[in-house]
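Given next are the chains, with one letter for each unit.
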Amino acid sequence: MMPGPEPLLNELELDALTELVNLGVSRAALSLREMVGEQVLLSVPNVSLVSRDAATVILREREASRLVAVHQSFQGDITGRALLIFPETKSLELVRAVTGGELPLEDIIELEPEALAETGNIILNGCLATIANMLQRSLKVSLPEILRGDSHDVFSLSPPSQLGDIVMFIYIDFAVRDRDVNGYIAMLMDMPSLAVLKGLLGDFIYRTTGGSAAGLHA
Amino acid sequence: MAFRVLVVDDSKLARMAVAKALNALRPDWIRVEASNADEAMALVRQEPVQMALLDFNMPGRDGLTLASELRALDPVMPVAVISANHQEEVVIRAREVGTTFLPKPLTEQAMSAFLDQAAPTSRSDQR
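Sequence order for the protein chains is A and B. When the count follows this note's numbering, it moves up by one through the first sequence with no breaks and lands on 218 for the last residue. When the count follows this note's numbering, it moves up by one through the second sequence with no breaks and lands on 127 for the last residue.
Derived from the structure by calculation, the hints contain no laboratory data. Just so it is clear, the structure is predicted and the values come from calculations on it, not from any experiment. Careful: at least some of the hints might be erroneous.
[Said to hold, decoys possible] Computed list of lysine to any residue pairs in SDA-like fashion (alpha-carbon distance at most 20 Å, straight line):
hint	chain 1	residue 1	chain 2	residue 2
1	A	K140	A	S73
2	B	K12	A	E11
3	B	K12	A	N10
4	B	K12	A	L12
5	A	K198	B	Q109
6	B	K12	A	E38
7	B	K20	A	G210
8	B	K20	A	R207
9	A	K198	A	G76
10	B	K12	A	S43
11	B	K20	B	Q109
12	A	K198	B	M16
13	B	K12	A	P192
14	B	K20	A	E63
15	A	K198	A	N182
16	A	K198	A	R81
17	B	K20	A	M134
18	B	K12	A	Y206
19	B	K12	A	M134
20	B	K20	B	E96
21	B	K20	A	S43
22	B	K12	A	L9
23	B	K12	A	G202
24	B	K12	A	T209
25	A	K198	A	E114
26	B	K20	A	V47
27	B	K12	A	G76
28	B	K20	A	T208
29	B	K12	A	V47
30	B	K20	A	R81
31	B	K20	A	P45
32	B	K12	A	L14
33	A	K198	B	S35
34	B	K12	A	K140
35	B	K12	A	R81
36	B	K12	A	S73
37	B	K20	A	T209
38	B	K20	A	G202
39	B	K12	B	S35
Given these sequences and hints, build the entire structure.
Okay, structure coming up:
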């Protein structure tokens, strides 16, 4: 395993970020529940920050098959790309879970891009909007786009990789109608964006733990 | 005897947020903190608590499972389950095991309403 970059966020900042992602994913589960009409379990056991190269390697080592990803870029104080990634073999399973599993295979295959984009949109927007709201900033999020390929393809979107690019790598466990699909959320950002994120997380921690009235120093 | 409240959340930040609200609302209570269900059960077996505030979404056993285990030890203790996931199924399960569902992010207002109903202060104690 490649070593990650030096700890860019301290323990409490990473904890706060994990908590925000969990909040976002819980909200997304709520929206997905509306869509599928049944309980959706979404959980995020772990969030880590790694370099773009390390993320590529981790994903290649964990997933031998081709990948499918829903991609959305976001812009604001923090700029970057968000990806929801599944092994391609699991993506049909995901569509079955979301559509109810009664459809014949050819319909599932036909529906796959659209269902995937919609599911990705809900999950990624849930995370991004919650993070933005809790950090009291706004983000513009692009329309979802589907990518297919290996882990290198998924992480080498233009603009070309910057040396300091950081990937917030999030394992996600998705279960609906007794179907269980494991995937990943990756948020790709450059160092200046990460520095802004660090500052905003600091403000958020201050507000949450007792800065209260004096907390609005941003 | 001091009132002991158990706070269980895998996030340290979330425990700090609960601590902040408790410090403001019930400053004389003793907080017992755990980051997962196993730790929580070990603490409670050592010394009983009078109330529990549990995160729903935790690695290992979730907050509702932990709530049932706590219930087995103490059938009347007030227990709240805190979660951003207010899907009907979760809220219903929370009610079924006799807990109060509190939405996350937790506000001091929601916490205050729960405390007033579950553990009135001596001034407003009607029992």
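- Task: Identify every previously stated hint that the structure contradicts and give their numbers, smallest first.
- Result: Structure breaks hints 5, 6, 13, 14, 15, 20, 21, 25, 26, 27, 30, 31, 33, 34, 35, 36.
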